[in-house]
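Novice: With the hints as constraints, model all of the structure from the sequences given.
2 protein chains.
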Amino acid sequence: MNLNFKEAIEILERTPQTLECFLSGLSEGWLKCNEGKDTWNVREVVEHLIEAETNNWIPRLEWILQVGENQVFPPFDRFSHLNEKKEQALDQILMEFKSIRTQNLSTLKTIINPEMHFDLTGVHPEFGQVKLSELLSTWVVHDLTHIAQIVRIMAERYREDVGPWNAYLGILNRK
Amino acid sequence: MNLNFKEAIEILERTPQTLECFLSGLSEGWLKCNEGKDTWNVREVVEHLIEAETNNWIPRLEWILQVGENQVFPPFDRFSHLNEKKEQALDQILMEFKSIRTQNLSTLKTIINPEMHFDLTGVHPEFGQVKLSELLSTWVVHDLTHIAQIVRIMAERYREDVGPWNAYLGILNRK
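In the order they appear, the protein sequences are chains A and B. Going by full-length UniProt numbering, the residue at position 48 of the first sequence is 48; the numbering climbs one at a time, nothing skipped. Going by full-length UniProt numbering, the residue at position 60 of the second sequence is 60; the numbering climbs one at a time, nothing skipped.
These are calculated hints, taken from the structure and not from any lab test. Watch out, some of these pointers could steer you wrong.
It does not matter which identical chain is used: a pair holds within one copy or between any two.
Unchecked claim - Taking lysine-lysine and the DSS-like style, the derived pairs with C-alpha atoms no more than 30 Å apart in a straight line are:
#, residue 1, residue 2
1, Lys109, Lys37
2, Lys6, Lys131
3, Lys37, Lys98
4, Lys109, Lys32
5, Lys32, Lys131
Specialist: Given below as structure tokens:
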């Protein structure tokens with residue numbers, strides 16, 4: 001296992017400030033573009049990250065600690081953020097993400113003792129038995145996957161503009 | 001064409017500070033990992049970005065302005081940074097990237113007038129005729145592809161640790 005509690009937190013605490021650095025102040029062209037019909041734009045990705053902070057990571061970690069395998073995780077809708085159209089500026093959404101993440105990391109450090117809790121298990125509605133360490137690793141890789149998604153969305157905007165160089169640009173060839 | 005000079009610069013000027021936000025202070029475990037034999041670690045990606053600042057973007061833009069199609073671009077080695085093993089701390093390498101990028105963006109704004117120069121052409125050793133606008137778009141997407149590579153390298157480290165969730169984590173399934 002490569003998961004290490006301290007190192008996992010290093011990523012989780014950097015994601016909001018990294019997105020702020022990269023996205024704050026960008027022109028609408030970058031913020032509104034997506035990868036085609038039924039795909040997300042940058043704002044929708046950040047809204048999804050906030051949604052997961054609220055309904056996924058900490059609630060499920062607490063579920064494992066408190067309920068264990070006695071009951072399956074309560075379901076949640078990974079797409080629910082698409083139904084509540086927020087009118088806030090992106091900067092406000094980024095700030096909201098930073099604030100809820102900070103709060104959640106503080107909770108994480110309070111409730112989890114890696115040596116005692118990493119092997120505890122819960123029941124995922126689809127996968128069956130899952131370990132707390134797997135859920136925590138997934139939180140980290142979920143951040144990474146959505147950072148990758150954001151830059152991929154933006155790269156898509158220049159797909160035609162790069163001309164023959166698309167052959168060398170991996171991001172345009174990993175669908 | 002989606003390329004817009006001002007918007008392209010918005011990305012180019014954010015990449016160094018974004019990488020600094022995300023990478024500065026990370027544990028060695030995150031900085032030393034890679035995706036397997038003959039793949040780059042995070043430090044090697046940043047060294048490659050510096051290499052491209054030195055030998056690729058501005059030199060080729062200037063080549064198009066000054067030489068045009070009279071002579072093919074001088075070749076350069078995309079892997080040369082792997083031969084000069086630098087011993088600097090990652091923070092120094094990130095600072096070097098930021099410094100050379102700032103300098104190059106200042107040059108870019110001085111030498112390029114989008115309305116006059118975007119359609120100028122040069123000759124790529126492999127692709128033949130290329131436009132200045134394609135080279136500039138490629139500079140932007142090249143940043144995005146290497147940000148995606150960095151988070152992909154890091155995600156790979158937890159591939160086994162996420163257990164059954166790998167099914168939902170796109171970053172682990174886009175090889």
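Novice: Indicate, hint by hint, whether the structure satisfies it.
Specialist: Cross-check of the supplied hints:
Taking the closest pair of Cα atoms, Lys109 and Lys37 never come within 30 Å of each other, the shortest separation being 40 Å inside a single copy and 35 Å across copies. For a Cα distance limit of 30 Å, the shortest separation of Lys6 from Lys131 inside one copy, 18 Å, qualifies, whereas the shortest one across copies, 48 Å, does not. In this assembly of identical chains, the alpha carbons of Lys37 and Lys98 lie at most 30 Å apart only when taken from the same copy (29 Å versus 36 Å across copies). In the homo-oligomer, the alpha carbons of Lys109 and Lys32 lie at most 30 Å apart only across protomers (26 Å), although the nearest pairing inside one protomer, at 36 Å, exceeds that limit.
Only between protomers do Lys32 and Lys131 lie at most 30 Å apart by alpha-carbon distance; the minimum there is 26 Å, versus 38 Å within a single protomer.
In summary, the structure is inconsistent with hint 1 from the numbered list given earlier, while agreeing with all the others.
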